[in-house]
Amino acid sequence: MRSQKYIVVWCAILLAAIIVAPVNACMDVVVGKDASVDGSVMTSHTADGWYDSSITLVPGQTFEEGAIADVHWNIIGEEPGPPVKIGEIPQVKQTYSYYNVGYPFMNEHQLMIGESTIAQKEELATFRGEKAIMTIEQLEVFALQRAKTAREAINVMGELAEKYGFLPSCANMGESLTIADPNEAWLFEIFSVGVLWNPESGEPGAVWAAQRIPDDHVFVMPNVSRIREIDLNNPDYFMASQNYMQVAIDQGWYDPKSGKPFIWQEAYVPKTGDWALSSMWCRIRLYLVYSAAAPSLEWDPYMSTELYPFSIKPEKKFSVQDVMALMRSTLTGTVFDMEEDPGWLVPGEDNKMEKSPFTTPFPVDDMHNLLTIPYHRPAAKYNCSYGFVSQSRSWLPDPIGGVLWFYHDNPHVSLYVPVYCSVQKFPKSWQTFDRDHFSRDSARWAFAFADDLVNRRYQDAIKDLRAVREPIEADFFMMQSAIEIAAAKAYEQDPELAKRFLTDYTNACMLRAEEAYWQLNDDLIQKYNNNKGLTP
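The sequence shown runs -25 to -1, 1 to 511 under mature numbering (1 follows the signal peptide of the UniProt record, and there is no 0).
Just so you know, not all the hints are guaranteed correct.
To be verified - DMTMM-like, lysine to aspartate or glutamate: derived pairs with alpha carbons at most 20 Å apart:
id, residue 1, residue 2
1, Lys292, Asp13
2, Lys507, Asp439
3, Lys8, Glu127
4, Lys106, Glu63
5, Lys438, Asp498
If you are wondering where the hints come from, they were derived from the structure by calculation, not from laboratory data. Computed from a predicted structure; not experimentally measured.
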């Protein structure tokens, strides 16, 4: 009977991986403080797939001894309905304020977290209903509530995952987080330990490792494990669970008597699959970021994942806008540029072949098949829910130093707005979204609608969109220094005054972006309806 149960379990795991894996795939780019133009520590995230993108502030609280913290499933909002309680743990005395979205991403102390699912070997998988209860998004909640620094966050998440078990929430895969504070950034990777784990066993319910990104380096997480050798004798750069090697030994994936070094990435990650070591989905994004950081090295676009260094010192320092450009990339100018496929060519003037105005970097599957255009996974995706680029800055007070540049929907067409880590409230329209019902009362619908309209006549409409977006974003960056100087002066008088000032400014930026995109949508409909300018 027990064997029949686990046959059913493995079939469910395989089915979940087949259904979800090709859809959800996120990317993070990290910049150390000495690799950024202004000394910011930066991380970033694209939430590719259907996730809740409504920003909410969860205020910090003080609790009495013996209080309980609930543990939930579906915090990310990928499934219909609200989060579901699946467990509970002891609450701490004091929690910090944090900002919740699909994957919780920022707290009041400038602690920022990006997420990216990574493959794990199928023997490690477990699922809801077994003993493990800590999803990656729930771990993020507890980290943001209980930690001020990246190292503290890693310790919080590692201890909780070991004690209560890591529960995959995306295709029964492993997870990674890029964690930034005002001084440094770390990569945290975690895998589950199988369906047979029980907290009463005394064994850890997860296997995890973390590696620090050097301060003068740039790093990318493209849905594949990046950690290789782990040196726990160098605690300034490495952290890991006590069983980080033992799980692989027990599974027969590593023999300590072999004389070979233990390679974390090779021990726990499959060779094949969408998020595996051989995946072109992952290699393309490694190539994108490393070739941008160090173009003189002439990177091989097809180079094996294992051959890329963990991180790299960029030839020039990165700005926030540089990271945004990478997150918006559709692989233009690379060998993977889908817009340059000859399948898009049509007869033009004098029967000369020219690019169709319907050429797009986001062709749907039927279009790929019809025009025989091979798919190459870009950084920007049409089915992205939201994303951000964050700045944590040690020379500014926390309420001013932490700013997260946030967008709804596809980064290629959306607009980044500044959200400070002291904001006390948000416009109702930025907290409202129903994926099944279009509404002009929802900011996310403004950006999703623009994404759809632009993609219908991409070659022409993307120019209209950029004409609206670029001046607004330029204004936001131009105003940043003056806004923060004013906020700092207010902070000296009264920290709460500074928070109100930054709340008002953030809300004004959000509403300006939203209103501009609703007007853009109206203009695109008027300009291109019935394919104006193309039909006879």
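Checked hints:
1. Lys292 x Asp13: This hinted pair holds, its Cα atoms lying about 9 Å apart.
2. Lys507 x Asp439: Distance of about 15 Å is within 20 Å: holds.
3. Lys8 x Glu127: holds, 19 Å
4. Lys106 x Glu63: holds, 12 Å
5. Lys438 x Asp498: At roughly 13 Å apart (the allowed maximum being 20 Å), Asp498 and Lys438 satisfy the hint.
Going down the numbered hints, you'll see the structure goes against none, and every one checks out.
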